[in-house]
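Asker: Listed in order, the protein sequences are those of chains A and B.
Mapped onto numbering that gives the first Met the number 0, the consecutive letters of the first sequence carry residue numbers 0 to 124.
Mapped onto numbering that gives the first Met the number 0, the consecutive letters of the second sequence carry residue numbers 0 to 163.
Simulated from the structure, these hints should not be mistaken for lab results.
All of these numbers come straight from a predicted model, not from anything done at the bench.
Note that CB positions come from ideal geometry on N, CA and C, so glycine has one too.
Treat each hint with caution, since some may be false.
[Said to hold, decoys possible] Below, a list of computed lysine-lysine pairs in the DSSO-like style, where the Cα atoms sit at most 30 Å apart:
| # | chain 1 | residue 1 | chain 2 | residue 2 |
| --- | --- | --- | --- | --- |
| 1 | A | 9 | B | 97 |
| 2 | B | 52 | B | 3 |
| 3 | B | 97 | B | 3 |
| 4 | A | 92 | B | 96 |
| 5 | B | 3 | B | 93 |
| 6 | A | 107 | A | 86 |
| 7 | B | 3 | A | 6 |
| 8 | A | 64 | B | 93 |
| 9 | B | 3 | A | 58 |
| 10 | A | 58 | A | 107 |
| 11 | A | 9 | B | 3 |
| 12 | B | 3 | B | 158 |
| 13 | A | 52 | A | 75 |
| 14 | A | 58 | B | 97 |
| 15 | B | 96 | A | 9 |
| 16 | A | 6 | B | 97 |
[As the list claims (entries may be wrong)] Label-pair distances were calculated between CB atoms; the ranges are:
| # | chain 1 | residue 1 | chain 2 | residue 2 | range |
| --- | --- | --- | --- | --- | --- |
| 17 | B | 124 | A | 3 | 24 to 30 Å |
| 18 | A | 24 | B | 97 | 39 to 45 Å |
| 19 | B | 155 | A | 10 | 20 to 26 Å |
| 20 | B | 5 | A | 79 | 47 to 53 Å |
| 21 | B | 22 | A | 93 | 41 to 47 Å |
| 22 | B | 69 | A | 60 | 35 to 41 Å |
| 23 | B | 59 | A | 32 | 41 to 47 Å |
| 24 | A | 50 | B | 90 | 46 to 52 Å |
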Amino acid sequence: MAVQFQKNDKLLLGTVLLVLLAGMAWFSFLGRETGASVKVTVNGQLYGTYSLKQDQEIKIIIGEKVTNVLRIQDQKADMLTADCPDKLCMHQKAIYRQNETIVCLPNKVVAEIIGGEEAELDSIT
Amino acid sequence: MKRKTAYLGMFLALALICSYVESLIPFYFGIPGVKLGLTNIVVVVMLYEIGAKEAFCISMLRILLAGFLFGNPFSILYSLSGGLLSFFVMLALKHTKKFQIVTISVMGGIFHNIGQLCAASVVVENYNLFYYAPMLLIAGFITGFLIGILAVEMTARLKGLLHK
């Protein structure tokens with residue numbers, strides 16, 4: 000095997016790995032809280048906020064076309080369909096923890112889980 | 000090196016094939032955008048065996064061509080930002096002459112993902128995407144490591160062929 004690590008490599012790789020693992024640990028503690036609603040933005044603009052408690056299918060319409068369908072079920076949000084070619088957002092797991100996001104890059108659609116208070120207000124409107 | 004043009008064409012074809020193979024492999028980890036980065040083998044090997052300028056040209060051409068062939072304008076944008084950042088990080092690290100190929104490939108993998116994440120956040124104007132940063136960067140670390148091992152093996156075997 001030709002791969003042999005020198006001191007420099009071990010130092011750099013070790014430090015980087017440590018920082019990454021620390022970051023991951025920190026984030027997983029930070030983002031443990033379950034969210035209350037999902038905020039959808041299109042092109043950076045707010046499209047709507049929907050409560051996770053209510054099962055529904057949200058059609059995201061850009062222009063005249065339904066580009067994405069977001070489903071809320073069992074207090075989780077999941078991208079049901081997307082008209083983009085890569086379908087990466089559909090492959091993503093359902094989100095429910097605060098700050099988790101589903102992104103559809105070609106359509107610039109972002110679904111993001113947010114916390115409690117605001118949700119109650121928005122579900123009335 | 001003799002027949003340089005032919006070699007560069009061959010490397011570009013190789014990089015494109017890697018892109019194509021990668022587009023066929025469904026490789027989902029629940030996080031969008033995690034890829035093996037097979038083409039990085041070609042970039043790393045070229046960086047060491049041919050030269051920085053050539054590696055850069057092939058990398059950029061590969062991104063444009065692969066984007067037109069298998070992707071969309073958006074995938075070009077993300078690959079480009081990732082590809083550029085990762086290339087310059089690898090080049091800088093190689094210049095220090097203190098690191099092995101595997102280390103450089105790992106850093107390339109990580110910075111590729113940083114570049115893409117930045118581009119994605121700017122496009123969708125949502126900085127919460129960085130929520131996924133630790134996971135993405137660890138994925139970059141692992142794939143970069145695997146690609147690095149392959150690149151070491153390839154450079155060892157190609158040495159005799161390329162420098163005739």
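Asker: Determine for every hint whether it applies to the structure shown.
Answerer: These are the hints, each one checked on the structure:
no.	hint	in the structure
1	A:9 with B:97	holds, 11 Å
2	B:52 with B:3	holds, 13 Å
3	B:97 with B:3	holds, 29 Å
4	A:92 with B:96	violated, 42 Å
5	B:3 with B:93	holds, 23 Å
6	A:107 with A:86	holds, 13 Å
7	B:3 with A:6	violated, 36 Å
8	A:64 with B:93	violated, 49 Å
9	B:3 with A:58	violated, 54 Å
10	A:58 with A:107	holds, 15 Å
11	A:9 with B:3	violated, 36 Å
12	B:3 with B:158	holds, 15 Å
13	A:52 with A:75	holds, 9 Å
14	A:58 with B:97	violated, 54 Å
15	B:96 with A:9	holds, 15 Å
16	A:6 with B:97	holds, 9 Å
17	B:124 with A:3: 24 to 30 Å	violated, 46 Å
18	A:24 with B:97: 39 to 45 Å	violated, 29 Å
19	B:155 with A:10: 20 to 26 Å	holds, 24 Å
20	B:5 with A:79: 47 to 53 Å	holds, 49 Å
21	B:22 with A:93: 41 to 47 Å	violated, 25 Å
22	B:69 with A:60: 35 to 41 Å	violated, 28 Å
23	B:59 with A:32: 41 to 47 Å	holds, 43 Å
24	A:50 with B:90: 46 to 52 Å	holds, 50 Å
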